[in-house]
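Following the hints, put chain B with the ligand in place on chain A, whose structure we already have.
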Amino acid sequence: MNGRIERAFARARDAKRKLLVTYLCIGDPNEAESLALAKACVDAGADILELGSPFSDPTADGPVIARASERSIAAGGGLTMTLRVATALRASYTELPLVLFGYYNPLYVRGTGKAVLAAREAGIDALLVVDLPFGHGDELMTAARANDLRVVPLVAPTSTDAHVARLLQHGADAGFVYYVSVAGVTGNAAAPLLEAAARATQVRAQTGLPVVIGFGIDGPEKAKLAARGADGVVVGTAIVREIENATSPDARIANVKALVSCLRTALDGESAPEAPHPR
Amino acid sequence: MPVDEKLVPAPMPVPEADSREGYYGAFGGRFVSETLMFALDELTVAMKDVVASAAFQAEWRELLASYVGRPTPLSSADRLARALDAEHTKIARLFLKREDLCHTGAHKINNALGQVLLAKRMGKARIIAETGAGQHGVATATAAALLGLPCDVFMGESDVARQAPNVARMTMLGARVIPVTSGSKTLKDAMNEALRDWVTNVGTTYYCIGSAAGPHPYPELVASFQSVIGEEARAQILAATGALPDGVVACVGGGSNAIGMFRAFMKDDSVALFGVEAAGHGVHTDKHAATLTAGRKGILHGSLSYVLSNDEGQVQEAHSISAGLDYPGVGPEHAHLKDSARARYLSATDHEAITAATLVTRTEGILPALETAHAFARVRDIAAILSAERGRPVTLAFCLSGRGDKDLATYLRERERAEKDPS
Ligand SMILES: Cc1ncc(COP(=O)(O)O)c(C=O)c1O
Chain A
1 MNGRIERAFA RARDAKRKLL VTYLCIGDPN EAESLALAKA CVDAGADILE LGSPFSDPTA
61 DGPVIARASE RSIAAGGGLT MTLRVATALR ASYTELPLVL FGYYNPLYVR GTGKAVLAAR
121 EAGIDALLVV DLPFGHGDEL MTAARANDLR VVPLVAPTST DAHVARLLQH GADAGFVYYV
181 SVAGVTGNAA APLLEAAARA TQVRAQTGLP VVIGFGIDGP EKAKLAARGA DGVVVGTAIV
241 REIENATSPD ARIANVKALV SCLRTALDGE SAPEAPHPR
Chain B
1 MPVDEKLVPA PMPVPEADSR EGYYGAFGGR FVSETLMFAL DELTVAMKDV VASAAFQAEW
61 RELLASYVGR PTPLSSADRL ARALDAEHTK IARLFLKRED LCHTGAHKIN NALGQVLLAK
121 RMGKARIIAE TGAGQHGVAT ATAAALLGLP CDVFMGESDV ARQAPNVARM TMLGARVIPV
181 TSGSKTLKDA MNEALRDWVT NVGTTYYCIG SAAGPHPYPE LVASFQSVIG EEARAQILAA
241 TGALPDGVVA CVGGGSNAIG MFRAFMKDDS VALFGVEAAG HGVHTDKHAA TLTAGRKGIL
301 HGSLSYVLSN DEGQVQEAHS ISAGLDYPGV GPEHAHLKDS ARARYLSATD HEAITAATLV
361 TRTEGILPAL ETAHAFARVR DIAAILSAER GRPVTLAFCL SGRGDKDLAT YLRERERAEK
421 DPS
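As given, the protein sequences belong to chains A and B, one line each in that order. Heads up, the first sequence is in the numbering used here, so the first residue is 1 and it goes up one at a time. Heads up, the second sequence is in the numbering used here, so the first residue is 1 and it goes up one at a time.
Looking at chain A on its own, in the form it has when it is part of the complex:
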C-alpha cells in the first residue's frame, strides 16, 4: 500500500495540525502555470493537492470553477494534461498526496481501467469522481483497488444514514471522506460551516475515517470554523478566483501563495481533534 494519504493524515494528527487541501483546475490558465501554481500551493503550506481535471459540463461546480474549466479546455486542458502535471509534481514531491478530481466521462471514455492505471503511473494517490456516487462505480472501484488508489467518497448534508453506513462497511481503503458543507455547487458563500463541522465530526466518528470539509470555504475565518469539526479543509473556488482575477503570471503565483499562507496560518491556530476511532 503506498499510503501517502494515510501518512499525511497520521502526521497531521501527531502534530495536532489541520490539513489544508487545495484545489486547482489544471490547465487554467495553461499547463506551465498550473504546475507552478501547484508548487506555490505546496510552498505556502498545502498538505494535499486536488488536481482538478476540467470537464465540459461541470454540473457540481459554481460559475467560478465552471469558467476555469472552460479556460482550461480552451488551453488544451483535460485528463491527459492533468496527468502530465501530476507526473511532473510527483518527480518533485515523493511524499505529497495527489488527488485526481473530476467527472466520470473523461475517465470512462479513456477506458476506466486504463485511466486508473494511467493515474497511478502519474503518481496519483486517490480519485475523487464527483458524479460517481459511492456504490455506483464498481468498475472504477475494482480498478482503483487493483492499482492501490483510494476512491474518496463524498458525504453531503443530504446524505442518508444508509450511505454513511455503507462507507463504514466498504470504505476502509477510502483514504478519507470529503464532507460537502452545503447542498449546492462549489463556491457557495452561504455554506453553513458550523453545521458542517458538527456533521463532519459525526461522520468521522461513524466511519473511523479522516474527514475534510469543502465547498464555500473562502478565507481564514471560514477555514478555522470548518476545521473545528474535521481533520482538514478544502479550498477551491477562492484559489481559482485569485487565478482568474490576477493579471500576470507573477501576480497569480503571488496572490495564490498569499491566500494559501494565510489559510495555513489560520489553521495552525486551531488544534486537531482526537484521532478518529481506530477501525
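Incorrect hints may appear among the rest.
[Stated by the list, open to error] Covered by chain B, according to a simulated footprint, are these stretches of chain A (three or more residues, beta-carbon under 8 Å): (1) 74-86; (2) 107-119; (3) 124-133; (4) 184-197.
Honestly, the hints are just simulated from the structure, not real lab data. Think of the CB as a built atom: it goes at the ideal place given N, C-alpha and C, for glycine as much as any other residue.
This is chain B with the ligand only, laid out in the frame that chain A set:
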C-alpha cells in the same frame, strides 16, 4: 473436488447500491453528485408508490382527457403517402399520431402534467425545468399554472432567440425564463444550469426533466408518462386497419416522444421501430446532433448512454436547426434499443427537415414542428427499407410530436434563403 470454504478468499466487498435498477441493458444508472442521491431515491419511491397508484393515475388521466384533449386522433395521411410514393409500391398506409393537437402543441404536456402533479403530491414548493425548443418549458409552465406552483425555466441563450414565441408564452404563463449563457448556450447548458439549481434547492424544488434522459428514475418516469402516446396509437391503428403497423417512426432528441411511441409496440416483434436524429449539416461534419448514429458511449447528465464526446471525454457542442433536437446526449433506453438492434436510428439534415416540413404542410395541411420534420424527412427511406424486407408496401405509424407555429420564422427564413440560393 470438494471446496474447503475456508480456502476460498472472501469476495471483494462490492457496494450493493444500484443492483442494476435503473439500467436498460448496459445503459442508464445514476451518475450525479452525492447531494442529489437522496432526492433521486425519494423520486424513485414516489414513482413506485404514487405514480403507480390508482388515485394518481385517475387524476392524471382525467386531466389528459379534459385538459390536454386526449386521446389525440390518428390521422391517415393519404396525400403525403402518395407524394412520397406515387407508385404505391412502398407505402400502403401512413398514419399520423397527432400529438400536435395536445394542449400547448406537443407531446411534452403528457409528461409535464404527470411530473408537476407528482411534485404537488410530494409537497414540493417550486418547479424548475430545462427547455430547448421551449415546448417542454411551455408545457411545464402550463402545468405549474394549472396546479398553482411557481416555475423557473432554464433556456440556452441561443434558444431564447430562435424560439421567441415560446419564451413569450412562458412569460405570459407566469414562469420565469432564465437565459443560460455558458457553453453552447443550448439545451445541454440549460440542463447543466437546472441541475445546479436543483442541487442548491433540492429540499423544496422539483426538477421536471423534459425528456427520457437524466439519472434514474427520470428516464423511466418520463417514459411511463409518454407511453400514453403508443398505447393510444396501437389501439387506434388496430381499430382502423385490424392489424398492427409494420413500422413505427419518431424523431429523437432526448427520446421522449419516441420512447412513448415505441413502448406499446416493444413486444410486438412484427413492428419495426425507427428513430430519426438530427444530422445538422451532416453526420460527417462536426455540426450535428446525431448522438446514436455518430456518438460514443459516455456519461452526460446523470446517465450512461451515447454521447457526442471527444477522445478526452469532453462533451461536444451539438448542432441542429431544431432547438429540441440540439442535444449531444440521448436517453439511455434508446442506447439499449440501438445496441440490441430492437430499434434502428437514422438521421436527417437541417435542409432535409425544412423541405419535409413544407411537403407535409402542403399535402396534409399540418404544420409540423421542426423536430418532427426530421422524422418526416426519412419516411420515404424507412418505407423503402421496410417494404424491401417484407416484400410489400408497408403501413407506418408516425409520431407527429408537435406543431410548428414556434418554427414559422425559421421555416420562412430558410425557404427564402433557398429561393435566393437554390444550390
Ligand atoms: C415537438 C417536439 N418533438 C420532439 C422533441 C424532442 O424531444 P424528445 O426526443 O424528448 O421527444 C421536442 C423537444 O423540444 C419537441 O418540442
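Okay, the hints, checked on the actual structure:
no.	hint	in the structure
1	74-86	holds (count 3)
2	107-119	holds (count 4)
3	124-133	holds (count 4)
4	184-197	holds (count 3)
Figure legend: structure checked against the earlier numbered hints; every hint is met.
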